[in-house]
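Hey, can you work out the whole structure from these sequences and the hints?
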Amino acid sequence: MAAASSSSTLELEEREGHTLPLHNLDTLSRQEDPLDASNNAATTSTARNTASSNNSNNVRNSTAYLDGLRGFAAFLVYFYHHISWFYGPTDDLLYGWGHEGNHYIFQLPFLRVFFTGGNAAVAIFFILSGYVLSLSPLRSLRDGNAKKCYNSLISATIRRPFRLYIPPIGVGLCFAIAMQLPFGLAPRMAWPQPEATFSKEMARFVPETWHMVNPFERHGTKEHWYIYNPPSYTMAIEFVGSMAVFGLCAMFSTVSVSVRAGLFLLAAVTFLSTGEWALAMFMGGVLLAMNDLSGWDHALLAKQPLKVSRTVMHHIFFFTGWYLLCQPSGIRDPKQSSEAPGWYILTELLTPRVYYQDEYWRWWNFWGALMLVYGVLRIEWLQSLFTTQPMRYLGRICFALYLVHTPLLWTINDRVYRVLGTQMHQDLVLWIDDWLKIPDFGIHGLSSRFLVAQVINTPINFAAAEVGTWVLDEPSVRVGKWIVRKLGIDKR
Numbered sequence: 001m002a003a004a005s006s007s008s009t010l011e012l013e014e015r016e017g018h019t020l021p022l023h024n025l026d027t028l029s030r031q032e033d034p035l036d037a038s039n040n041a042a043t044t045s046t047a048r049n050t051a052s053s054n055n056s057n058n059v060r061n062s063t064a065y066l067d068g069l070r071g072f073a074a075f076l077v078y079f080y081h082h083i084s085w086f087y088g089p090t091d092d093l094l095y096g097w098g099h100e101g102n103h104y105i106f107q108l109p110f111l112r113v114f115f116t117g118g119n120a121a122v123a124i125f126f127i128l129s130g131y132v133l134s135l136s137p138l139r140s141l142r143d144g145n146a147k148k149c150y151n152s153l154i155s156a157t158i159r160r161p162f163r164l165y166i167p168p169i170g171v172g173l174c175f176a177i178a179m180q181l182p183f184g185l186a187p188r189m190a191w192p193q194p195e196a197t198f199s200k201e202m203a204r205f206v207p208e209t210w211h212m213v214n215p216f217e218r219h220g221t222k223e224h225w226y227i228y229n230p231p232s233y234t235m236a237i238e239f240v241g242s243m244a245v246f247g248l249c250a251m252f253s254t255v256s257v258s259v260r261a262g263l264f265l266l267a268a269v270t271f272l273s274t275g276e277w278a279l280a281m282f283m284g285g286v287l288l289a290m291n292d293l294s295g296w297d298h299a300l301l302a303k304q305p306l307k308v309s310r311t312v313m314h315h316i317f318f319f320t321g322w323y324l325l326c327q328p329s330g331i332r333d334p335k336q337s338s339e340a341p342g343w344y345i346l347t348e349l350l351t352p353r354v355y356y357q358d359e360y361w362r363w364w365n366f367w368g369a370l371m372l373v374y375g376v377l378r379i380e381w382l383q384s385l386f387t388t389q390p391m392r393y394l395g396r397i398c399f400a401l402y403l404v405h406t407p408l409l410w411t412i413n414d415r416v417y418r419v420l421g422t423q424m425h426q427d428l429v430l431w432i433d434d435w436l437k438i439p440d441f442g443i444h445g446l447s448s449r450f451l452v453a454q455v456i457n458t459p460i461n462f463a464a465a466e467v468g469t470w471v472l473d474e475p476s477v478r479v480g481k482w483i484v485r486k487l488g489i490d491k492r
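Taking full-length UniProt numbering, the leading residue of the sequence shown gets 1, the next gets one more, and so forth.
No lab work stands behind these hints, which were simulated from the structure alone.
Check each hint, because a few of them may be wrong.
What the hints assert, rightly or not - Below, in silico cross-link-like pairs of lysine to any residue (SDA-like), each with a Cα-Cα straight-line distance of 25 Å or less:
no.	residue 1	residue 2
1	222	354
2	222	352
3	147	478
4	335	100
5	303	291
6	147	303
7	147	251
8	200	184
9	222	357
10	222	348
11	437	190
12	222	206
13	335	359
14	200	185
15	486	190
16	222	335
17	222	244
18	437	419
19	222	291
20	147	253
21	303	261
22	147	240
23	147	309
24	303	379
25	222	331
26	437	251
What the hints assert, rightly or not - Label pairs and their in silico Cβ distance ranges:
no.	residue 1	residue 2	range
27	357	389	20 to 28 Å
28	300	201	52 to 60 Å
29	221	173	17 to 25 Å
30	487	437	52 to 60 Å
31	230	110	22 to 30 Å
32	295	432	55 to 63 Å
33	110	333	20 to 28 Å
34	332	486	44 to 52 Å
Model, not experiment: these values are computed from the prediction.
Built from N, CA and C at the ideal position, the CB exists for glycine as well.
Shown next as C-alpha cells:
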C-alpha cells in the first residue's frame, strides 16, 4: 500500500487498516508512516519544519518495531500455551521462584515472561491498540484538521468489526467443520466433543460465535469459552476498546490538548480503579500517543543535564515494566504471587482489592505494559531488535498465529507430543501414544522432548499462520476498505 499522497487520504484508514494488537503494519510500516505529517504531500514545508522543531520526539517515519513487538507478544501467547500443555497447567513453571521448594531458572523474574507471558502479551496488545488507533486522529486535531479526524473515525468505526471478526469466525468455522469430517478423519479430543451430526454442529456454532463477537457479553478467561477457539475472547474486548478510543477522541475533539490529556487520564484512572483493566490499557495507549505528539516527556527530561540521564530513565521504565509483567499468576491465587520473592508488597499491599475478585495480575500488567511499550518507543537498540527479519516475520503472521495455534494444539500438535511420549489428557488414549517415545531430560522448560516437539510443531503453526494470513487476515482488511469506499466515506 502506498503512503498518503494527498490531503484527502484518510490517515487513520491507511494505518488502522494494517494494524491490530495481534496484526502487522505490513509494508506500510517499513516504508513511510502516513501518520507523520512530513510524509503528507499536502503539508507545507513551513508546517513540517514547525512540527519538527516543536515536537522533536514525534513518531519516527519507520515504525516497523511496533510490528515486531506485536509479533513477539503473539509468539509469547503461542509458547505459553505449549508450555502449559506439555508440562501441565499447574506446573511449577507457572509459579514464582522457590514455590514448594522448587527453584527452576525460568521461574526467575525477567526470564519467566518468555515462558508464561501469555497474560503479559495481552496487556501489550491492548496498550499498542490504544496507541496506534488514536495516533492519527490526535495528530489531525493537533494540526487543526478536525474534518479529517472525524472522517477517519467514521471510516475506522465501520471497518473495525470486519477487521476483528472475519478471521476468528473463519478459523472457528474451519475447526467446526474439521470436527465433523467423515471416514475417521475428524480429530479425537478430550474437549470439545463434536455434535452428533454436521447440522447440529452448525446449530451450536452459530450461538457460540455470536457470543464470541457480542460486545455486550462478558468476555475473559473466567467467562464462557468459545469452544472452537478460546483465545478469540479478546476480539470483543478489542472491539469495545476500539470504540471507546474512537468515541472519546470525537467527544474530546473540541477541547485544548491539555484538557484532552486530562480527560483521557481521568478515563484511564476510572477504568483502572473499577477493575476495567482492558479499557484502562486502551486509554494508557492513547496517553502514550498524546505524549509522542506533544513531546511532554522530552521537555521534562530535557532538564536533565546529561543525555545519558534521559537514556537511563528510558531504560529504567523499560526494565521496570518488564519486571512487572513477570508477576506469577499460576492458579489465580494471589497468595502464590505474594510468596514469590519481590512480590509480597506489590501483591498484598499495593494491588487494589477489586482485582482480587477476578484476575489480580491485571493491575500490574497494566503498569508493566505501559512502561515497557514506552521504553520501546524511546530506546533505539530495542527498535533495532524488533525490526530484525525474524521479528518482522512474526509481525506479519502474528494475528493468524494467535488464532490458529489453539485448534492446532488440540489436534496435530497434541499428536506430536503423544508420539514422543507426553499425553496431556490421560483419559484420551490413542494408538500413536509413545510410538516414538524419547527420554525427557535437561532444563525444566526446555527439556529434550519438548524441544524436539517444538522443532516439529512450530513450523506447522507458522505454515498454518501463513495460510490464515493470506486467506482470512489480509482479506478482512480489504473488505472493510471496500465497504467504506462504497459508502463514499473516503471521498468526503
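Taking the hints in turn, this is what the structure says about them:
no. : hint                  : in the structure
1   : 222 / 354             : holds (15 Å)
2   : 222 / 352             : holds (19 Å)
3   : 147 / 478             : holds (24 Å)
4   : 335 / 100             : holds (13 Å)
5   : 303 / 291             : holds (17 Å)
6   : 147 / 303             : violated (37 Å)
7   : 147 / 251             : holds (14 Å)
8   : 200 / 184             : holds (18 Å)
9   : 222 / 357             : holds (11 Å)
10  : 222 / 348             : holds (22 Å)
11  : 437 / 190             : holds (21 Å)
12  : 222 / 206             : holds (21 Å)
13  : 335 / 359             : holds (13 Å)
14  : 200 / 185             : holds (18 Å)
15  : 486 / 190             : violated (46 Å)
16  : 222 / 335             : holds (19 Å)
17  : 222 / 244             : holds (23 Å)
18  : 437 / 419             : holds (6 Å)
19  : 222 / 291             : violated (34 Å)
20  : 147 / 253             : holds (10 Å)
21  : 303 / 261             : holds (22 Å)
22  : 147 / 240             : holds (24 Å)
23  : 147 / 309             : violated (41 Å)
24  : 303 / 379             : holds (19 Å)
25  : 222 / 331             : holds (12 Å)
26  : 437 / 251             : violated (61 Å)
27  : 357 / 389: 20 to 28 Å : violated (44 Å)
28  : 300 / 201: 52 to 60 Å : holds (58 Å)
29  : 221 / 173: 17 to 25 Å : holds (23 Å)
30  : 487 / 437: 52 to 60 Å : holds (59 Å)
31  : 230 / 110: 22 to 30 Å : holds (28 Å)
32  : 295 / 432: 55 to 63 Å : holds (60 Å)
33  : 110 / 333: 20 to 28 Å : holds (23 Å)
34  : 332 / 486: 44 to 52 Å : holds (47 Å)
Checked against the numbered hints above, the structure violates hints 6, 15, 19, 23, 26 and 27; every other hint is satisfied.
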